[in-house]
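Protein chains: 2
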Amino acid sequence: MSLIMTTTTLKQQVFVHHVIEHQLPHNNRLITTQEYGIGQAPVNIALSKYWGKRDATLNLPMNSSVSISLPDLGTKTTICITSTQQDAIWLNNELLSNNHPFCIRLTAFLNFFRPPNSAFQVHTTNTVPTAAGLASSASGYAALVLALNDLFQWQLSTQKLSLLARLGSGSASRSLYSGFAIWHRGQQDNGLDSYAEPIDTQWPELCIGLIKINVQQKPISSTTGMQNTVNTCDLYQAWPQQAEKNMQTILEAIYINDFEKLGETVEHNALSMHATMMATWPPIVYWQPESLAAMQTVWLLRQQGILVYFTMDAGPNLKLLFPETEKPAIMQAFGDIQIIMPFNKN
Amino acid sequence: MSLIMTTTTLKQQVFVHHVIEHQLPHNNRLITTQEYGIGQAPVNIALSKYWGKRDATLNLPMNSSVSISLPDLGTKTTICITSTQQDAIWLNNELLSNNHPFCIRLTAFLNFFRPPNSAFQVHTTNTVPTAAGLASSASGYAALVLALNDLFQWQLSTQKLSLLARLGSGSASRSLYSGFAIWHRGQQDNGLDSYAEPIDTQWPELCIGLIKINVQQKPISSTTGMQNTVNTCDLYQAWPQQAEKNMQTILEAIYINDFEKLGETVEHNALSMHATMMATWPPIVYWQPESLAAMQTVWLLRQQGILVYFTMDAGPNLKLLFPETEKPAIMQAFGDIQIIMPFNKN
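Chains as they are written, first to last, in the working numbering: chain A, 1 to 346; chain B, 1001 to 1346.
Certain hints may be false.
With a Cα cut of at most 30 Å, we get these calculated DSS-like pairs of lysine-lysine [as the list claims (entries may be wrong)]:
{"id": "1", "chain 1": "B", "residue 1": "K1245", "chain 2": "B", "residue 2": "K1261"}
{"id": "2", "chain 1": "B", "residue 1": "K1261", "chain 2": "A", "residue 2": "K53"}
{"id": "3", "chain 1": "A", "residue 1": "K53", "chain 2": "A", "residue 2": "K76"}
{"id": "4", "chain 1": "A", "residue 1": "K245", "chain 2": "B", "residue 2": "K1261"}
{"id": "5", "chain 1": "B", "residue 1": "K1053", "chain 2": "B", "residue 2": "K1011"}
{"id": "6", "chain 1": "A", "residue 1": "K212", "chain 2": "A", "residue 2": "K76"}
{"id": "7", "chain 1": "A", "residue 1": "K212", "chain 2": "A", "residue 2": "K261"}
{"id": "8", "chain 1": "A", "residue 1": "K261", "chain 2": "B", "residue 2": "K1327"}
{"id": "9", "chain 1": "A", "residue 1": "K53", "chain 2": "B", "residue 2": "K1245"}
{"id": "10", "chain 1": "A", "residue 1": "K212", "chain 2": "B", "residue 2": "K1245"}
{"id": "11", "chain 1": "A", "residue 1": "K53", "chain 2": "A", "residue 2": "K327"}
{"id": "12", "chain 1": "A", "residue 1": "K245", "chain 2": "B", "residue 2": "K1245"}
{"id": "13", "chain 1": "B", "residue 1": "K1053", "chain 2": "B", "residue 2": "K1261"}
In short, the hints are calculated from the structure, not lab data.
Predicted model only: the values in this text are computed from it and were never measured.
Just chain A, same shape as in the assembly (with noise of 0.2 Å):
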């Protein structure tokens, strides 16, 4: 957790008044008790990646991104007002106390929005398994915008929405929608231009596999992790460029259904970014020794004429993309593998 988040600056206060200026009801009339706002998000992958910020107050990325979205994993968040001094939150219906770090950044996320004298109850749930290694703070912050905006009844567009979640954290910009999401990075200092959008293109054949790897240390957070590799890895100079060029040649290959074109960027991406980590100093490297066996098994399917890639974030799992052709010796290959068609709801 950042200490940037911990407290909410002027130039987050003008970011926020900008996206929500002309929807402010709230201000207008009172939100009673008996009141709640409900939102829903799915966790999202990003095909080519997010690594670094041009502005760490406003989560402003140095790149664009393109994700998937995976339906039926992701967060489901209630909120509504009370008169209590202090905003209670429940993660998995576990009340949680008011010093943990998931309260604190979520109470300093919720000050943007707060009416005078008044406090959040806030009940998420993620329906993604902690373990399986999928971000949840994307979903999180998507979820509980939505939330927000159905409680306030801003009626906002989803993308005045993925500002507010970009907000809080710089991922759940996307996960806003379900299919494919395109982040841009945006030009502005203000923030503004920097959202997410759909892509209307659908992909019923491709498949996501999901590969747990357990942990044995404590990983460095992604929003350390990334200030971390722009200060200290020489490397990183190329990556931003490197990340537009990839995004695009990934647009193309959504756009035109070529698995393969997808599959060799996506990797070729998610490497490029760990490579920036790994020559980061103190070294950054989130693979475990599991997770570099399981890359090897998919380069030895590869070897064997299969069409399967990996993609990892900041953590230790893999996740794999290949068609429905696939499937078989995919869950041949790996036992322990959960798998999800975004497109193809079975």
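Here the structure of chain A is known, so what remains is to put chain B in place on it, guided by the hints.
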């Protein structure tokens, strides 16, 4: 093995001519089959790495590098002239067939120096356990040029022998010396200023620990690997400059015997080189799961206050660097480790 190495090019012949032009008694007198040349050279471990050629024909590197030689580990080579049709090459007391990749490469190298109508008999023995993952081509080509110098009585300076060894294998340029050596990148296109020199500094407390990791997959050769990196790795753009910077820091650390500075820079440099490999397409990953486990042990030891760092070359094995005071802790943490003190023969 690269095709480039199997045939000598005019550019290479011109280079060799320039190196040995004033020392060519073998053109003036007949070497009898009774005469022998003997050479012996150590393996060396790069502290700042060589990865990428600015000229693949002459083995000119993108960046300078610094190494430490390991006494007692290396190659012994004996060479003589025969009147037979073909070269006969013994490796570790085994006669190799002429289409063995090692023979093809060596014969091509010997063509630069071959008197008319003659063949060579070469006996070469590595005192490096092959499985220890220490490159024997470096000590091999260094020993070979020493043997040739002895046979032909060229009386070349070590600097000139370093130039010749470089033509056989880039890192061989550094294996002409004991202790620390620096291989200059050089500026000229003709390759005559890209040689290694010794660094006149001792560091008696310095220990090198060799950790043996089993290889499960046949790795890509470093010649092909580095060419692929130069061609396809965007992040590589920043490598040559980082490598030069790291080398300067390592030289400073060597001069003032600053172990922490040495270790941090060596490990950062090695991880950055491996980062450029991983960000190559197809990816080059020399690591094995056991390599990563050993790295994690190193990082854990450092967290416990133990001064130990690692480096890795184009293979899965770790080479540890630590001061003599840490020897007991290292031996306890790594059972199967071979410890060498380059300046303090036990």
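Now the hints, each set against the structure:
| no. | hint | result |
| --- | --- | --- |
| 1 | B/K1245 to B/K1261 | 13 Å, holds |
| 2 | B/K1261 to A/K53 | 29 Å, holds |
| 3 | A/K53 to A/K76 | 28 Å, holds |
| 4 | A/K245 to B/K1261 | 36 Å, violated |
| 5 | B/K1053 to B/K1011 | 16 Å, holds |
| 6 | A/K212 to A/K76 | 23 Å, holds |
| 7 | A/K212 to A/K261 | 25 Å, holds |
| 8 | A/K261 to B/K1327 | 50 Å, violated |
| 9 | A/K53 to B/K1245 | 26 Å, holds |
| 10 | A/K212 to B/K1245 | 39 Å, violated |
| 11 | A/K53 to A/K327 | 37 Å, violated |
| 12 | A/K245 to B/K1245 | 28 Å, holds |
| 13 | B/K1053 to B/K1261 | 27 Å, holds |
This entry does not satisfy hints 4, 8, 10 and 11, going by the numbered hints stated previously.
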